[in-house]
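Taken in order, these protein sequences are the chains called W and V.
If you read the first sequence in this note's numbering, its first letter stands for residue 1, the second for the next number, and so on.
If you read the second sequence in this note's numbering, its first letter stands for residue 1, the second for the next number, and so on.
The reader is advised that the hints may include incorrect statements.
[What the hints assert, rightly or not] Some residues of chain W that are not near chain V, with every Cβ distance over 10 angstroms (derived):
1. V11
2. A13
3. E62
4. G80
5. T88
6. A140
7. E145
8. R158
9. V165
10. D206
11. G220
12. Q227
13. E233
14. E241
15. E258
16. A260
[Claimed, not checked] In silico negatives: residues of chain W with every beta carbon more than 10 angstroms from chain V:
17. P7
18. T9
19. G40
20. P55
21. R161
22. G177
23. E204
24. T209
25. E211
26. V213
27. T215
28. G231
29. A239
[As the list claims (entries may be wrong)] Among chain V residues calculated to face chain W with C-beta under 10 angstroms, some are:
30. S53
31. R56
32. T59
33. L94
34. E102
35. P106
36. L111
37. N121
38. A124
39. V224
40. N253
Hints in this document: simulated from the structure, not taken from any laboratory.
Just so you know, even glycine gets a beta-carbon here, dropped at the ideal spot from N, CA and C.
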Amino acid sequence: MSSRLEPDTRVAARYTAAEMMTIAAARALPDRGTCLVGIGLPGTAALLARRVHAPELVLVYESGAIGAKPGYLPLSIGDGILAETADTVVGLVEIFNYWVQPGRIDVGFLGAGQVDRYANINTTIIGSSYAQPRVRLPGAGGAPEIAASCGEVIVVARQTRERFVERLDFVTSVGHGSGRETRRQLGLRGRGPTAVITDLGVLEPDASTGELVLTHAHPGIAVGEVQAATGWELRVAAALERTLPPTEEEVRVLRELEAARPGGGAR
Amino acid sequence: MRFPNIPRMTRRPVEIAPLAEAVAALVRTGDTIALEGFTHLIPFAAGHEIIRSGRRDLTLVRMTPDIVYDQMIGMGCCRRLVFSWGGNPGVGSLHRLRDAVEHGWPNPIELEEHSHAGMANRYAAGASGLPFAVLRGYAGGDLAAHTTSIREIECPFTGEVLSAVSALELDVAVIHAQQADTVGNVQLWGFVGIQKEAVLSARRVLVTVEEVVGTIEPRPGAVVLPSWTIDYVSVVPNGAHPSYSDGYTQRDNDFYVAWDAISRDRDAFRSWMEDNVLSA
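Only chain V is shown next, with the shape it has when bound in the complex (with noise of 0.2 angstroms):
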């Protein structure tokens, strides 16, 4: 049989590289690529490249799909959305997100849906290189006849029924950090969320960073990755806005708000995208 996943282990340096080019050789289109960050280091700037680069046909994973995939869904990146929660924290919906489910504006997407435990622990099977993950969720709701990657198990020691949930295969992971070191070792810290898993998962991976250090000086709580895990990095300071870097940036909660209104209108929206990340 197949590993679900096989784990990448190339020992060649990381490029760093500008943000254009590591997206060129690192996202192809009909990818199932995941932009990971809970509401803290979302990697917007390398979304907006994504979105220039023309790449098409998406799989987006993320447990959190906010405004970023609201744009990459607006623009008409996304083929297929395998998420846990897709709002708007604090303000609402996610209107691109909405008009694509409800009347499949620009195009219609599919949705594969979790809870974010199962998701969680979907990353958690694919970092692990193991083909599913076992938790004590899912019971009696509708979720788990939505999609196939949910099922019944057994326990072989004490018989209870649990679920098991197919481990995530991602093409590229791509996350943001506060620091890279010049050989391409990562540190992140604050809400490191499913990060360290994602990059894990992937088979391709791309770290954009608020700055290159000398020296990595480790953090308590940090998460610390090996520049060998890491294909790209690339060094984009403030690259997480309107999402924040802890230490270094501050969360726009303004534009958060802001953007339920400039995401509620077709023309808007593609005219915000016009002004502020096509010809960015």
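Chain W with its partners taken away, still in its complex shape (with noise of 0.2 angstroms):
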């Protein structure tokens, strides 16, 4: 990967909101650390992190691979790419009971369908009946657990009003619960989600109150424009800083993973 020999840190001439904020999303990780791939956003710019600037970031995925190097974007997270380069794969009881449970993983990177002021997520239902929703999400997947139990949770989505709201309709996964004192009362081992990173900004909980609070604004974003597309209202850091532009290697590389995706970019 001659990328990684001779980065362009130019800044890139064009990107989308979508781009910024998965370049954002892969810039949060570390290099050297283990990280729990979620599905969706969170897939892409893991392995974009690992092409930019965390080629040792170990990639663990909730299907049982273990050290996953996939030249490719894959589809699913249980394509043969990832059990292929894996270091190992294991058993679901396996990733789940010895590996995300006594808390082996530094950062759960997750996506969300609706995500509150504490960053608590919900992946299930939107609507007020649980038994009839208006519209039925996925579900739980590996989500509780991997926000219960790695060393902290960032979590990626794209933000409007509808998915940042006041109120979750169900809580799935929890963030901060009702406040900073929420995990420690619930025995809940991991740190929580450090970091919302939206196609807006970055959201990140305040110290003392576990809050979100909008940290960066991404280039060209207006504040106004990130309380806009908040369904409660939001907090401001006093340092607000502006996050840096996307740089032409980052969106060379995130464009020739979208563009190898198997299944014709199915998003």
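Two chains, two separate frames, one set of hints: put the complex together.
Now the structure itself:
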């Protein structure tokens, strides 16, 4: 991968809001850490991170692949490329009981159907009735225990008022519950969400209250725009920063990944 | 007290038989059955045979119901779904599942819903012949309020409050594997998912395989199921399609993407099933 030897750090001339989100999410991943890659957007960002700045990042998938090094973006977390390139492949009892539950994974990387101000996540239903939902979402998958037990959690989701809501229709995975004390009271061992990365900016939990605060606005995005896309009164950090715009390299690698995705580029 | 699940201990030889015969012998209307496979080795051909066999009123168990359960639900086979993630991986919704839950078409279905960790542990309890398993999970979320199969339990040693999940009891487990030998021992490799636990949680077991080989050569990381844990083996090459069998076939990603449009519309779905499953 010559891209790693000669990074092109010029600011990209053109990029979309969705690309900015994926790139910001990739940057949040540490080199050399272990990352449990959730379904959807996190998969793209994790692979981008490995290609651009975090070649030693260990990718773990709930399908049982530990240390997968896929050369392209798989359509699903059970694609053969993940098993073929993994350091080891384990069964589903083992991945959750031996690897996720004891806190062996540094970062849990999750998507979300709905997010609230304490970074709690809903991926179960939209609507007021569980039995008769307006929209039935796929459900929990591995997310509740990933959110509970990984060292920290990074959430990546497009930001709209429909998604960033005052009150979740269903609490599938616990972030900071109803405030900073919740995780300790519930016996959740990981630190919980440390960042929610969207197409508009980055939200981080306040150190004392656990409430999400806008800490970074992406280039060209006004604070009012982010607040308008949030279903609660979003607080803004005193020292609000601008996200660094994508580099030419980040955009090029991301587009290469998307173009080579099997299944005709489903998203 | 009764064990939640009495492991099968038949010592009679495995029947190596055509799929239709195996399904007719093992699956009954009203059964609780699991067709397991986590993206890989999904027993699609067996699911289609169950649809053709007319078995109904099934409790369908699976961690990741995907297209084959969407098809079984849309064809009216399912009364109750026990699961932890129901979507089309990388593509989106399962539209037949959604239609059943949101609109009761073709019939309303009950849901019993867990996280993956909870389901995996319920299978492990079933395979172990225990009434429940323990995990650190569910705390603070809403899932536990919607099922009787999750309860709080206090650790007798430390006092920590943990979650207990009840064992899964299956009438039938159905899996797809790469190989059986001539006496019915089975080997599967790649992503092995929860298949071993599903087989050992079930009273009756059907395995479809890519091929029968003279002697099984052990593979690293493989699961080998001795013949006496299995009732029927059916040889069905490409029997996981559009899923795949590591070493034999490739995942048909284009089909997973195409299923989104086929399954959105009730008539398009019915007509696809008529052409590709019922008259196949």
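- Item | Hinted contact V/L111 with chain W - closest CB pair below 10 angstroms | 8 angstroms, holds
- Message: Let's test the interface hint: is any C-beta of chain W closer than 10 angstroms to that of V/N253?
- Response: 4 angstroms, holds
- Message: For W/A13, is the shortest CB-to-CB distance to chain V above 10 angstroms, so the non-interface label stands?
- Response: 30 angstroms, holds
- Exclusion check [W/P55 not at the chain V interface, CB over 10 angstroms]: Nearest chain V Cβ is 24 angstroms from W/P55, so the label holds.
- Task: Tell me if V/L94 is really an interface residue toward chain W, meaning its C-beta lies closer than 10 angstroms to one of theirs.
- Result: OK, holds: V/L94 within 10 angstroms of chain W, min 8 angstroms.
- Would you say W/E62 is clear of chain V, with no C-beta pair closer than or equal to 10 angstroms? 6 angstroms, violated
- Query: Measuring from the C-beta of V/P106 to each C-beta in chain W, is the shortest one below 10 angstroms?
  - Reply: 16 angstroms, violated
- Item | Least C-beta distance from W/T215 to chain V larger than 10 angstroms | 25 angstroms, holds
- Query: Holds or violated: is the Cβ of W/R161 farther than 10 angstroms from all Cβ atoms of chain V?
  - Reply: 21 angstroms, holds
- Cβ separation check - W/A239 to all of chain V, threshold 10 angstroms: At roughly 31 angstroms from the nearest Cβ of chain V, W/A239 sits farther out than 10 angstroms, so the non-interface label holds.
- Message: At 10 angstroms, judged by beta carbons, does W/E211 keep clear of chain V as stated?
- Response: It holds; W/E211 is separated from chain V by about 17 angstroms at its closest Cβ, greater than 10 angstroms.
- No chain V beta carbon within 10 angstroms of W/G177's: W/G177 not clear of chain V: closest Cβ-Cβ about 6 angstroms, inside 10 angstroms.
Comparing the model with each earlier hint shows violations of hints 3, 4, 5, 6, 7, 19, 22, 30, 31, 32, 35 and 39; every other hint is respected.
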